[in-house]
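**Q** Okay, here's what each chain looks like letter by letter:
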Amino acid sequence: MDKLEVPNNILCTKSHEYIIAEKDIATVGITDYAVDQLGDVVFVELPDVGASFSKGESFGTIESVKAASEIYMPVGGKVIEVNENLAKQPELINEDCFEKGWLIKIAEFDKSELDDAMSYDEYKDFLESNEEEE
Amino acid sequence: MDSLKRTPIYEEHTKLGAKIVPFAGWEMPLQYGSIIDEHLTVRNKVGLFDVSHMGEIFVSGREALDFLQKLVPQDISKLFPGKAVYCQLTNKTAGIIDDLIIYRLEDNEEYQSYLLIVNASRLEEDFDWIEFNKKDGSYDVEIDNQSDNMALLSVQGPFASDLIEDMGLSKDEQPVKFTIKTACLDSYDVLISRTGYTGEDGFEILIKNENAVHLWQEILEKGQKYEIKPIGLGARDTLRLEASMLLYGQDMDDKTTPPEASLSWSIPSNKEEDYFGKEIILSQLENKNMSKILIGFRMTGNAIARHNYEIYKDNEKVGIVTSGGIAPALKANIGLGYINTNIPTLIGTKLDIKIRDKFFPAEIVKRPFYVRSMRK
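Residue numbers (this note's numbering), protein chains in the order written: chain A, 60 to 193; chain B, 38 to 413.
Be careful, since some hints might not be right.
Said to hold, decoys possible - Result set (DSS-like, lysine-lysine): computed pairs, CA atoms no more than 27 Å apart in a straight line:
#: 1; chain 1: A; residue 1: K125; chain 2: B; residue 2: K391
#: 2; chain 1: B; residue 1: K395; chain 2: A; residue 2: K147
#: 3; chain 1: B; residue 1: K52; chain 2: B; residue 2: K354
#: 4; chain 1: A; residue 1: K147; chain 2: A; residue 2: K137
#: 5; chain 1: A; residue 1: K147; chain 2: B; residue 2: K387
#: 6; chain 1: B; residue 1: K82; chain 2: A; residue 2: K125
#: 7; chain 1: A; residue 1: K125; chain 2: B; residue 2: K403
#: 8; chain 1: A; residue 1: K125; chain 2: B; residue 2: K368
#: 9; chain 1: B; residue 1: K52; chain 2: A; residue 2: K147
#: 10; chain 1: A; residue 1: K73; chain 2: B; residue 2: K56
#: 11; chain 1: A; residue 1: K125; chain 2: B; residue 2: K52
#: 12; chain 1: A; residue 1: K183; chain 2: B; residue 2: K368
#: 13; chain 1: B; residue 1: K354; chain 2: B; residue 2: K315
Because the hints were derived from the structure by calculation, they are not lab data.
Just chain A, same shape as in the assembly (with noise of 0.2 Å):
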């Protein structure tokens, strides 16, 4: 995979989504390692805009060739947005997770959820921590 720039503000989550929170709005999606260990997306099954969630309740599947994936809130919140790109476009989630292939935009969240939440490099050294482990 081509070496994606990372959004600076990103936060992300040990179920490997991440969230860019601006203000009242934040972006939702997957992180590049979840998309390397998917391979093809295929499919991406997405909220209504309007749905509400809590702090790590699924949202979505995503599926590979492979298998289906949950997605899960990194925050709780209200969708106000989801990617319609990507309905013929599963695609764009394995070229650019983190600029065109976003999931979701969230508003009405409480920025103290995400106190548990890693910084990229935070997120870099869990997974590494994790490898050694298996």
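Fit chain B to the given chain A structure using the hints.
**A** Then chain B, alone, in the frame of chain A:
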């Protein structure tokens, strides 16, 4: 747990950047890059697979034909030297112990010689069953499991024949569809057959372990002009599903009979010799009294079916998906599954697949999903 085995090609896979996964007791390449790209390479160009995990059992002797006739519903007496046939090993209740290809090798009537290529996951079961029946029936046969000494490389795709020609075996010398012959390929003695598990034209090459790496490298080298790629088990699975070929352990097991698995096409109704499960199989062929049958379906709604998803008809559960996924060359979502025979099983029958607690429409379609002539 026993440690995982490695094929002689293992180091090549890691050099090529393969993602390695455990499969049937082996460390095998799942993919080298994109599974979809590997799939389309086999459909449009040519791909090279390491399938050395497969089992090779040689059965030979004065009574080899009689012996094999007892083990499989297929009529092995129809095989001329060099001819191959798809068949199943069945048990006494007609359950499928394994599915396999039996190749008749160059031999004579007094001393017949056959090669059985079986699934890696079933090799031990198969071998024990074959050995047991040899003793039980006092057959004068020799059974030789060569699986640990032989590698199997598979070259599949529309340019497979051109590539094999470039490897030194002219098209006139190449085995024709569903036959096998001994040949000299890249200065090595091999058994080469015109068979595969992809729905494409292709060859399977059986070679001694110690020569396998060199042959692998030569095929990749000479295949460059056809844009050859190594292909992992991920694409092997999507290719076989798109060609609607069954996978043992998933689409059939020892509690499934060949007619239930929609394999009746591989069972002659007029074979004279007795074989395990014959009475049940013939009754099912004649009376169509199976309680379940394997069908192929295509999703008409936008969703992907997966192994073990439930199949519904008019809000009633009628079956289960055994293989499901995407068909990259058809740009469709397809699957295989078993449905009860008390509902219509005809092509066009509407079904619903339960996916994450929602129903998505599907329709029974003609198999195979993909045939070579569909290629643009």
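**Q** Going through the earlier hints one by one, which of them does the structure break, listed in rising order?
**A** Hints 3, 9, 12 and 13 not satisfied by this model.
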